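These protein sequence lines map, in sequence, to chains A and B.
Heads up: the first sequence runs through residues 1 to 265, numbered per the numbering used here.
Heads up: the second sequence runs through residues 266 to 485, numbered per the numbering used here.
Keep in mind that the hints were calculated from the coordinates and are not lab data.
Some hints could be false.
As the list claims (entries may be wrong) - Keeping only pairs whose Cα atoms sit at most 27 Å apart, straight-line, the calculated DSS-like set for lysine-lysine is:
#, chain 1, residue 1, chain 2, residue 2
1, A, K197, A, K29
2, A, K120, A, K94
3, A, K147, B, K410
4, A, K124, A, K139
5, B, K410, A, K120
6, A, K94, A, K29
What the hints assert, rightly or not - Heads up, incomplete: computed chain B residues facing chain A, CB under 10 Å, no partners named:
#, residue
7, R329
8, E382
9, S384
10, A388
11, A391
12, Y402
13, V403
14, P406
15, K410
16, P414
All values derive from a computational prediction rather than experimental measurement.
A virtual CB, placed ideally from N, CA and C, is assigned to each residue, including glycine.
One letter stands for each residue in the lines below.
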Amino acid sequence: MDEVLRIENLHKRFGDLEVLKGINLSVEKGETVVILGASGSGKSTLLRCLNFLEIPTEGRIHLEGREIGAIRPGFNGKPRIVYREAELAKLRAKVGMVFQQFNLFPHMTAEQNVMIAPMKIRGKSSAEARDLAIRNLEKVDLVDKAKEYPSRLSGGQQQRVAIARALAMEPTVMLFDEATSALDPELVGEVLLTIRKLSEEGMTMLVVTHELGFAYNVAHHVVFLHDGLIHEDGPPDQVLRQPCKARTREFLKGHLLFQLPNSPL
Amino acid sequence: MSEWDFSFLLRRYHVILDGLYGTLALAAVTLAVSLLLGIIAGMGRTSRSATLRAAATCYVEFFRNIPALVQVFWFFYVFPILTGIQENPFISAATALSFYSGAFFAEIYRSGIQSIERSQWDAGKALGFGYFRTMRYVVLPPAIKRMIPALTNQSIEVVKLTTVASTIAYHELLYQGQLLSQTEFRPLESYTVVAAILIGILVLLSYGSTRLERRLARSE
Numbered sequence: 001m002d003e004v005l006r007i008e009n010l011h012k013r014f015g016d017l018e019v020l021k022g023i024n025l026s027v028e029k030g031e032t033v034v035i036l037g038a039s040g041s042g043k044s045t046l047l048r049c050l051n052f053l054e055i056p057t058e059g060r061i062h063l064e065g066r067e068i069g070a071i072r073p074g075f076n077g078k079p080r081i082v083y084r085e086a087e088l089a090k091l092r093a094k095v096g097m098v099f100q101q102f103n104l105f106p107h108m109t110a111e112q113n114v115m116i117a118p119m120k121i122r123g124k125s126s127a128e129a130r131d132l133a134i135r136n137l138e139k140v141d142l143v144d145k146a147k148e149y150p151s152r153l154s155g156g157q158q159q160r161v162a163i164a165r166a167l168a169m170e171p172t173v174m175l176f177d178e179a180t181s182a183l184d185p186e187l188v189g190e191v192l193l194t195i196r197k198l199s200e201e202g203m204t205m206l207v208v209t210h211e212l213g214f215a216y217n218v219a220h221h222v223v224f225l226h227d228g229l230i231h232e233d234g235p236p237d238q239v240l241r242q243p244c245k246a247r248t249r250e251f252l253k254g255h256l257l258f259q260l261p262n263s264p265l
Numbered sequence: 266m267s268e269w270d271f272s273f274l275l276r277r278y279h280v281i282l283d284g285l286y287g288t289l290a291l292a293a294v295t296l297a298v299s300l301l302l303g304i305i306a307g308m309g310r311t312s313r314s315a316t317l318r319a320a321a322t323c324y325v326e327f328f329r330n331i332p333a334l335v336q337v338f339w340f341f342y343v344f345p346i347l348t349g350i351q352e353n354p355f356i357s358a359a360t361a362l363s364f365y366s367g368a369f370f371a372e373i374y375r376s377g378i379q380s381i382e383r384s385q386w387d388a389g390k391a392l393g394f395g396y397f398r399t400m401r402y403v404v405l406p407p408a409i410k411r412m413i414p415a416l417t418n419q420s421i422e423v424v425k426l427t428t429v430a431s432t433i434a435y436h437e438l439l440y441q442g443q444l445l446s447q448t449e450f451r452p453l454e455s456y457t458v459v460a461a462i463l464i465g466i467l468v469l470l471s472y473g474s475t476r477l478e479r480r481l482a483r484s485e
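Next comes chain A alone, as it looks inside the complex (with noise of 0.2 Å):
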């Protein structure tokens, strides 16, 4: 299988606070990773740094074989690695984000939010990326609100519409930040449906995520991160099922606390 993305010896820190100690992890071409852990993990902070929203302190970030940033000799002997701001732009052309709280630009409709990226940065016509944008709002079941403004629409709704904003970059992985923790329980699924659909349309994401039951169904590979480093990671069923470590299972146990006793459904 092909690996599209190598992250290896990841550190993040924010002056004394060390927010990433070490992550290592591959993620391979068509592979749905879901990253669960408490608040305070590190779980956004290592989504941020792998488009460069956040510039990690140390280690390397390798998309599609090629490493991120060019190495250069550091004062004490200690090579650094040096990030150009042209290159993370192109870099981040390439990866797609879903933040929790949908980011759209209130000042275009849907259709538009969709179409500025593909025309201002891969010189698309506005007619191809009309097109563009009405074949991945269908994608995400929205064409009949193409006009319409962000602050017209529900939450999953602007959701979908961030998503088919990412989608139309063509990108080679797509990262989603609790996707859904800002939506009303009753929208969650549309959201979650819709990112399901991508995973077994064989797109590449790394999934931040609180929904333990879409981990179990969709992930291919579960990672649990715990204090800035993979504390437990594998198959959903394993992860979720049968976790090894004593933290893992804790956390599980907190998500699961109440339950209806036998689903009515």
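Following the hints, put chain B in place on chain A, whose structure we already have.
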């Protein structure tokens, strides 16, 4: 009590028209230049680079805190002594007022840019936009929408400030009003006409800005 008598204006309306042209020309050039200076300095004030931030802050604090009249005098009387280049009153006034208002516009842009959530920057960058394109396509459009009332205020100030140029014999409305008042011995009517025309210009300006605001509000 004096009697109101505007009849001399029928003979000498061209004096007022010249003044109107002078005011509009100076206001238009000053507005164009200071809006541009403002956006550059405003972006400097919000820049990640400490050098750019410091440079923009110096500009703002320097030109915002010198009275407009002093700056006009400086550019008209001092600048030629320093450089040997004697500018005409229009150039001196336009330069001084542009630097002055640019400093105020810079602060409006700064607060407008800073009012846009960081998450919008994240979204723009995540799509592959660099700093300038994120600014241009993502941050500025909604920021400018929020800035319109403040920009209008400052633009009204700029139009009124053009009267300061009368002190260096630039032929704008106030200067022409003085001329009329002295040659026709009718200060009452002369200055009243100047005031009325300025009100007219500024009401039109506010009307235009309200329409623009409303049109932009229709999106979202």
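Against the structure, the hints come out as follows:
no.: 1; hint: K197(A) to K29(A); verdict: 16 Å, holds
no.: 2; hint: K120(A) to K94(A); verdict: 14 Å, holds
no.: 3; hint: K147(A) to K410(B); verdict: 20 Å, holds
no.: 4; hint: K124(A) to K139(A); verdict: 20 Å, holds
no.: 5; hint: K410(B) to K120(A); verdict: 22 Å, holds
no.: 6; hint: K94(A) to K29(A); verdict: 14 Å, holds
no.: 7; hint: R329; verdict: 30 Å, violated
no.: 8; hint: E382; verdict: 8 Å, holds
no.: 9; hint: S384; verdict: 5 Å, holds
no.: 10; hint: A388; verdict: 4 Å, holds
no.: 11; hint: A391; verdict: 4 Å, holds
no.: 12; hint: Y402; verdict: 6 Å, holds
no.: 13; hint: V403; verdict: 6 Å, holds
no.: 14; hint: P406; verdict: 5 Å, holds
no.: 15; hint: K410; verdict: 7 Å, holds
no.: 16; hint: P414; verdict: 17 Å, violated
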